[in-house]
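There are 2 protein chains.
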Amino acid sequence: MTRCPCEEEVLERVRPTPEERTYIRAMGERLIEAVERSGMAKAMMVGSVARDTFVRGDRDLDIFMLFDPALSREELQVQGLALAHRIAEEFGATWREKYAEHPYVNATIDSLDIDLVPCYAVASATEIKSAVDRTPFHTRYILAHIDDYADDVLLAKQFAKAGGVYGSDHMTEGFSGYLCEILTIYYGGFHPLLRAAACWRAGEVIDIEGHAAKEFEDPLVVIDPVDPERNVAAALSLSRMFEFAELARGYLAEPSAAFFCRSPPPPLTGEVFSRLLAARGTHLFSITFATPDYTPDTVVPQLRKSAESIRELLERSGFPASRIDVCMGAERCILLFELMAGTVPLMRRHIGPPLSARENAEKFLAKYVSAEVFAGPYVEDGRYVVEVPRPFTRAVDLLRSKTLFEVALGKHVYRSMKQGWTVKVGAECWDEEFASFLSFFIERSSPLARIKRTTGG
Amino acid sequence: MTRCPCEEEVLERVRPTPEERTYIRAMGERLIEAVERSGMAKAMMVGSVARDTFVRGDRDLDIFMLFDPALSREELQVQGLALAHRIAEEFGATWREKYAEHPYVNATIDSLDIDLVPCYAVASATEIKSAVDRTPFHTRYILAHIDDYADDVLLAKQFAKAGGVYGSDHMTEGFSGYLCEILTIYYGGFHPLLRAAACWRAGEVIDIEGHAAKEFEDPLVVIDPVDPERNVAAALSLSRMFEFAELARGYLAEPSAAFFCRSPPPPLTGEVFSRLLAARGTHLFSITFATPDYTPDTVVPQLRKSAESIRELLERSGFPASRIDVCMGAERCILLFELMAGTVPLMRRHIGPPLSARENAEKFLAKYVSAEVFAGPYVEDGRYVVEVPRPFTRAVDLLRSKTLFEVALGKHVYRSMKQGWTVKVGAECWDEEFASFLSFFIERSSPLARIKRTTGG
Chain R
1 MTRCPCEEEV LERVRPTPEE RTYIRAMGER LIEAVERSGM AKAMMVGSVA RDTFVRGDRD
61 LDIFMLFDPA LSREELQVQG LALAHRIAEE FGATWREKYA EHPYVNATID SLDIDLVPCY
121 AVASATEIKS AVDRTPFHTR YILAHIDDYA DDVLLAKQFA KAGGVYGSDH MTEGFSGYLC
181 EILTIYYGGF HPLLRAAACW RAGEVIDIEG HAAKEFEDPL VVIDPVDPER NVAAALSLSR
241 MFEFAELARG YLAEPSAAFF CRSPPPPLTG EVFSRLLAAR GTHLFSITFA TPDYTPDTVV
301 PQLRKSAESI RELLERSGFP ASRIDVCMGA ERCILLFELM AGTVPLMRRH IGPPLSAREN
361 AEKFLAKYVS AEVFAGPYVE DGRYVVEVPR PFTRAVDLLR SKTLFEVALG KHVYRSMKQG
421 WTVKVGAECW DEEFASFLSF FIERSSPLAR IKRTTGG
Chain W
1 MTRCPCEEEV LERVRPTPEE RTYIRAMGER LIEAVERSGM AKAMMVGSVA RDTFVRGDRD
61 LDIFMLFDPA LSREELQVQG LALAHRIAEE FGATWREKYA EHPYVNATID SLDIDLVPCY
121 AVASATEIKS AVDRTPFHTR YILAHIDDYA DDVLLAKQFA KAGGVYGSDH MTEGFSGYLC
181 EILTIYYGGF HPLLRAAACW RAGEVIDIEG HAAKEFEDPL VVIDPVDPER NVAAALSLSR
241 MFEFAELARG YLAEPSAAFF CRSPPPPLTG EVFSRLLAAR GTHLFSITFA TPDYTPDTVV
301 PQLRKSAESI RELLERSGFP ASRIDVCMGA ERCILLFELM AGTVPLMRRH IGPPLSAREN
361 AEKFLAKYVS AEVFAGPYVE DGRYVVEVPR PFTRAVDLLR SKTLFEVALG KHVYRSMKQG
421 WTVKVGAECW DEEFASFLSF FIERSSPLAR IKRTTGG
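Quick mapping for you: the protein sequence lines, in order, are chains R and W.
The opening position of the first sequence corresponds to residue 1 in UniProt numbering, with each subsequent residue numbered one higher.
The opening position of the second sequence corresponds to residue 1 in UniProt numbering, with each subsequent residue numbered one higher.
One or more of the hints may lead you astray.
Heads up, the list lumps identical chains together, so a pair's fine if it works in one copy or across two of them.
[To be verified] In silico SDA-like cross-links for lysine to any residue, where the CA-CA straight-line distance does not exceed 20 angstroms:
id, residue 1, residue 2
1, 367, 113
2, 98, 256
3, 452, 369
4, 411, 12
5, 402, 342
6, 161, 109
7, 363, 102
8, 452, 359
9, 367, 301
10, 367, 453
11, 367, 444
12, 452, 370
13, 367, 450
14, 305, 437
Hints were generated in silico from the structure; no laboratory data involved.
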């Protein structure tokens, strides 16, 4: 396998040092030993440390504690947390409870970020009781198949990270670490993966074990080698998939270190933002409200859904959006709408029933013939049309009105907005809390376009 | 047959007096005799006078001169016009040549408006050489089938006229006299026609002789009883068809004389027009240019086509229209566009190829990565999108630019506009020459809505 010089450099940079690896694995072994000494559960390291695919400087160590599947969920929680607490104390850690599908303990020991996660020791990945039970199988599968691809996986991960497409969280909608590993193994290395990705089409199916037992509609389908009914790439959006394809094409054409360096442009200043916005001539509106007290994976999809519903409301009301986006901040969330018009004529056309639907047509005519209208009802393409005043001629009035609660907002967004929300217009939307988000919005470009502009390529 | 009192009143008003009928028919007989005396052609009265379905005060008399089909087209024209000239002179008429498909003579004799039309005496309507040859067959058919329906036809025609749906010209796109006659005969009278029309659906097919030999896509299909391959209602638009249906429903529910009185509202003043326009809040634009020297049936479809093309151009350019309309005046033509916005942001989104079309995608990226753009190229729904400046941010600039010549204008419209055109904006669009048209545009209502509002019904 020949590597570009830039890849060797990247590996030198991201490959953990032998000392680092020894240190972190030793910590893992000590924790495993401590868990198993309790007699309550088996234990294993999972995640990238276990698979030797972690990147230098990563301080994350995941220890799974595998309990007897005969335990009830409640017993698992009680016993699992008790054991995790005891271990954390034993190691003199600062720790706290966290919640994913189940509660677990997040501890800081010797500056390592350690998760102690209780799960069931099921016999196969198809018998899992919750998503965490699957993780040990993933680790075992990768360990068994990674061969000499550890460096390739590191390159693939770093490539995806630098391109901004790494992470299967709802905000990113990109490639998980496990997905990078499976793809690298499947295609047989980093370069073969890039060559394949350069030619990806929507609906690509990869079934490394040839055991798919379900159909998926996702843009990329990677059947989990340990679970024939699961798509490893379910969280990947079409956009992130093709950004990866785009990066692959760009890198194959002209490999360079720039593809491995995440250098997000520094956020704009409010002044520059305001100037860029004025040049566009569009009408920007932001809605902000207090961030609901839930994880991003709960809140972000609700922000997306709410923004989409409001976009449709705006569109129905005569204000088509050119782009929308959302961001979940620590204190506040923001929904951003860039509209092609901030005001619309008072007159709107209301399309009625076809004349051939006699009863409805007669009702429509009777209603509007005695209403205050600008024109109509008249007949157009076989339907009644009437021209009536609209309730809102300014988008800002609509966004400040209770009409927002008539559309499908996410549950927690709805509750938070019920406590109040703020609408800002134009350059006023600038907000230091969201400086990066707003800068990215107004300068939006694909990862490759950004690299090409930065490197003058 | 029982008639509503209002129908009797209408008939009293529109039925020609015996004196009028005798007088006009006597003139017809004298002209026929004069034609046949020449030995050059047979002659017959056609049109509503011949069929006894003319309306009081109509001063139109059509005399067709039927020549030997063995004549060439040129011979027919030469001989036909020569004979028509001679007859016109013999009757001391003021006359002039006119052109439809062929030249004919229009003469004024004793204040009657008389057309002397040369045509071929073909053996059947399916052997015609031009559209005028068909007319004698229509007259013979109606005469043979009208029975006692002459009054019903008068009512149907007057009903259609008053409703603004009478006339198969391109501006009206309504019901021809012949179509009214066929429909009245087919359904068996005025009331049965209304009851049927009230239930019409788009695509209604009527084949009185059960001999259809062709499929039609028109909203209403009435197979010509003298020609199985012709739709008598080909010129009827969906809108006029359903305006008739609407009037029929309204009349059957509440018969009144208002349905037989054409009382177009008086045109607005410029001031009122301006006030109504301001209330709508829309952005009105007119284009005017010299009327091409052709008949309305040539020019009007070209105006429609041109306006539709310009509407699409406006829409593509960010200016969606709420309504458009056209009018052909004696001196000038007007195209009217009511837009929802007069200005748009400089930024427009340009949707590029899907990333999966690799070659096109790479070209697109290469082109825009080094162009002056607001944002992008970025990936959205699997396609590239780039945000670029648009050439026109004001609709008026677009309408005043030569870009108009890049869209499909009618040939004669194109030629006339090449000589110059005027664009006006908002209340400036008011123009005394088009006062009725502009008033109708801004107060547009269906015929029934108008009647209901006028009568308070």
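Query raised in the report: Failing hints, ascending?
Result: 1, 2, 4, 6, 7, 9
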